[in-house]
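A.B. asks: Kindly produce the complete structure, drawing on both the sequences and the hints.
In order, the protein sequences belong to chains A and B. Position 86 (the first sequence) corresponds to 86 in the working numbering; numbering is contiguous. Position 13 (the second sequence) corresponds to 206 in the working numbering; numbering is contiguous.
Worth flagging that the hints you see were computed from the coordinates, not collected in a lab. In this text, all values refer to a predicted model and were calculated from it rather than measured experimentally. Possibly wrong hints are sitting among the right ones.
[To be verified] Listed next, the stretches of chain A that the computed footprint assigns to chain B, with coverage defined by at least 3 CB atoms under 8 Å from CB atoms of chain B:
1) 7-21
2) 24-38
3) 72-86
4) 128-134
5) 179-190
Each residue gets a CB set at the ideal place from its N, CA and C atoms; glycine is no exception.
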Amino acid sequence: MTILPLTSSQTVGPFFAPALLREDAIRNVLIQPETSGERIRIEGQVFDGEGLPVPDAMVEIWQANANGRYNHSADQGPAHLDPSFLGFGRSGTAEDGSYWFETIKPGRVPFYHEQFQAPHICVTICSRGLLNHLVTRLYFEDEQNNAKDPILLCVPDERRSTLLARRENREGMIVYRFDIVMQGAGETAFFNL
Amino acid sequence: MKNITIGEIVRGDQEVFPPYLYEAYQSTRRRAPMLPLIEVPLTLSELTGPGAVISAITPEDADLTRNAGTGGEAIGQRIIVTGRVLDDRGTPVPNTLLEIWQANAAGRYLHKRDQWPGPLDPNFLGMGRCLTNEEGIYRFLTIRPGAYPWKNHPNAWRPSHIHFSVFGPSMLSRLVTQMYFPHDPLHALDLIMNAVPTEAARKRLIALYDHDVTEPEWALGYRWDIVVRGAYATPFESKEVER
Numbered sequence: 001m002t003i004l005p006l007t008s009s010q011t012v013g014p015f016f017a018p019a020l021l022r023e024d025a026i027r028n029v030l031i032q033p034e035t036s037g038e039r040i041r042i043e044g045q046v047f048d049g050e051g052l053p054v055p056d057a058m059v060e061i062w063q064a065n066a067n068g069r070y071n072h073s074a075d076q077g078p079a080h081l082d083p084s085f086l087g088f089g090r091s092g093t094a095e096d097g098s099y100w101f102e103t104i105k106p107g108r109v110p111f112y113h114e115q116f117q118a119p120h121i122c123v124t125i126c127s128r129g130l131l132n133h134l135v136t137r138l139y140f141e142d143e144q145n146n147a148k149d150p151i152l153l154c155v156p157d158e159r160r161s162t163l164l165a166r167r168e169n170r171e172g173m174i175v176y177r178f179d180i181v182m183q184g185a186g187e188t189a190f191f192n193l
Numbered sequence: 194m195k196n197i198t199i200g201e202i203v204r205g206d207q208e209v210f211p212p213y214l215y216e217a218y219q220s221t222r223r224r225a226p227m228l229p230l231i232e233v234p235l236t237l238s239e240l241t242g243p244g245a246v247i248s249a250i251t252p253e254d255a256d257l258t259r260n261a262g263t264g265g266e267a268i269g270q271r272i273i274v275t276g277r278v279l280d281d282r283g284t285p286v287p288n289t290l291l292e293i294w295q296a297n298a299a300g301r302y303l304h305k306r307d308q309w310p311g312p313l314d315p316n317f318l319g320m321g322r323c324l325t326n327e328e329g330i331y332r333f334l335t336i337r338p339g340a341y342p343w344k345n346h347p348n349a350w351r352p353s354h355i356h357f358s359v360f361g362p363s364m365l366s367r368l369v370t371q372m373y374f375p376h377d378p379l380h381a382l383d384l385i386m387n388a389v390p391t392e393a394a395r396k397r398l399i400a401l402y403d404h405d406v407t408e409p410e411w412a413l414g415y416r417w418d419i420v421v422r423g424a425y426a427t428p429f430e431s432k433e434v435e436r
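C.D. replies: Right, dumping it as structure tokens:
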């Protein structure tokens with residue numbers, strides 16, 4: 001079997017927005033009216049090592065549907081596909097480092113050996129000053145299954161809370177707040193992926 | 194995948210991926226994580242991914258010389274950039290989205306934060322996209338970008354390059370990178386390119402001039418293949434999964 005060497009990563013740089021955040025490339029809203037599942041809004045800010053907002057980042061998310069099924073050929077599980085839900089989101093950050101998504105809370109997806117993962121959303125961050133993108137996960141603070149999640153258990157206790165989105169109820173809307181700290185106090189736990 | 198240690202925060206393959214903290218590139222100093230990256234097992238969440246996320250793509254999107262929609266053509270040396278997207282087993286990655294962006298022939302980006310006195314070209318947006326075909330092949334028509342100055346250190350110039358964003362088959366294959374042009378004296382001086390740890394890996398970021406791609410009386414041809422991580426863990430069997 002041939003193993004080809006991988007192509008290296010390079011920074012997204014400061015000038016990506018006209019291409020990657022053009023009107024039809026932004027995906028803040030992942031849902032359509034017919035999408036099934038509990039509507040949630042995800043909000044957060046991206047901060048650098050001095051605690052300053054990062055205004056030139058791109059945040060991408062990938063998630064299963066409300067049944068815990070990914071819209072991808074590698075997921076051959078029995079959970080139902082929702083054709084109205086792709087599960088991919090892309091947001092830029094504003095001057096205050098903020099990003100947002102309107103989506104649904106994902107269901108539990110399989111791990112191995114009849115185990116399941118707690119509901120989570122995969123998060124990727126690109127910006128100037130990042131020679132590789134950052135990879136992490138958003139979990140929901142009010143989810144009991146977090147205690148048994150095999151990925152969260154890989155994260156040292158004192159850093160686990162950085163992956164928990166905080167629930168807020170706002171005018172009938174469920175908001176989960178998930179700040180991303182690239183460096184320093186409260187640094188988000190990033191994965192070696 | 195090799196393990197990582199504190200103070201040496203590198204993702205995955207240390208011969209291929211740059212470190213997060215690369216002091217000479219000043220912006221990394223406040224944006225690189227300082228705590229160890231967490232080693233995690235691969236799950237269905239990493240072995241799936243958005244694939245062809247933007248399906249409404251037209252052939253015009255891959256022609257940067259005309260996609261400004263002005264009716265005029267961008268100024269500069271017309272070039273064809275083509276190649277294949279492969280996984281690390283050499284399997285072509287079909288139907289995956291590539292998004293590119295670049296400076297114009299004078300080295301100026303159409304972006305409010307690029308304010309150096311290089312001229313703008315009203316017929317050039319500097320962005321394009323396409324899907325790979327069934328053989329994993331992509332193809333762009335564009336103009337050769339100029340070098341441009343940046344403020345990282347005195348007299349800093351970036352070599353001519355084109356930015357690429359690639360999805361590939363899964364979350365593991367997500368890649369944002371830059372393609373460079375052969376025989377550029379700025380390569381040796383470029384911090385971003387030299388953040389890549391090995392000479393062999395840096396060379397793989399440089400396109401090859403290919404006279405077979407060059408079209409007579411029309412455009413010079415460059416070939417550049419992109420290799421992304423494959424998604425080939427054991428498939429999950431549905432019978433094992435009971436909710």
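A.B. asks: None of the hints should be skipped; say for each whether it holds.
C.D. replies: The hints, checked one at a time:
For a cut-off of 8 Å, the count of residues in the segment 7-21 of chain A with a CB near a CB of chain B stands at 14, and the three-residue condition holds. Only residues whose C-beta sits within less than 8 Å of a C-beta in chain B count toward coverage, and the segment 24-38 of chain A has 3 of them, enough to reach three; the restraint holds. Check result for the segment 72-86 of chain A against chain B: holds, 8 residues qualifying (beta carbon to beta carbon below 8 Å, three or more required). Closer than 8 Å: that is the beta-carbon criterion, and the segment 128-134 of chain A has 7 residues meeting it against chain B, so the requirement of 3 holds.
For the segment 179-190 of chain A, the stated coverage by chain B holds: 7 residues have a C-beta nearer than 8 Å to a C-beta of that chain, and at least 3 were required.
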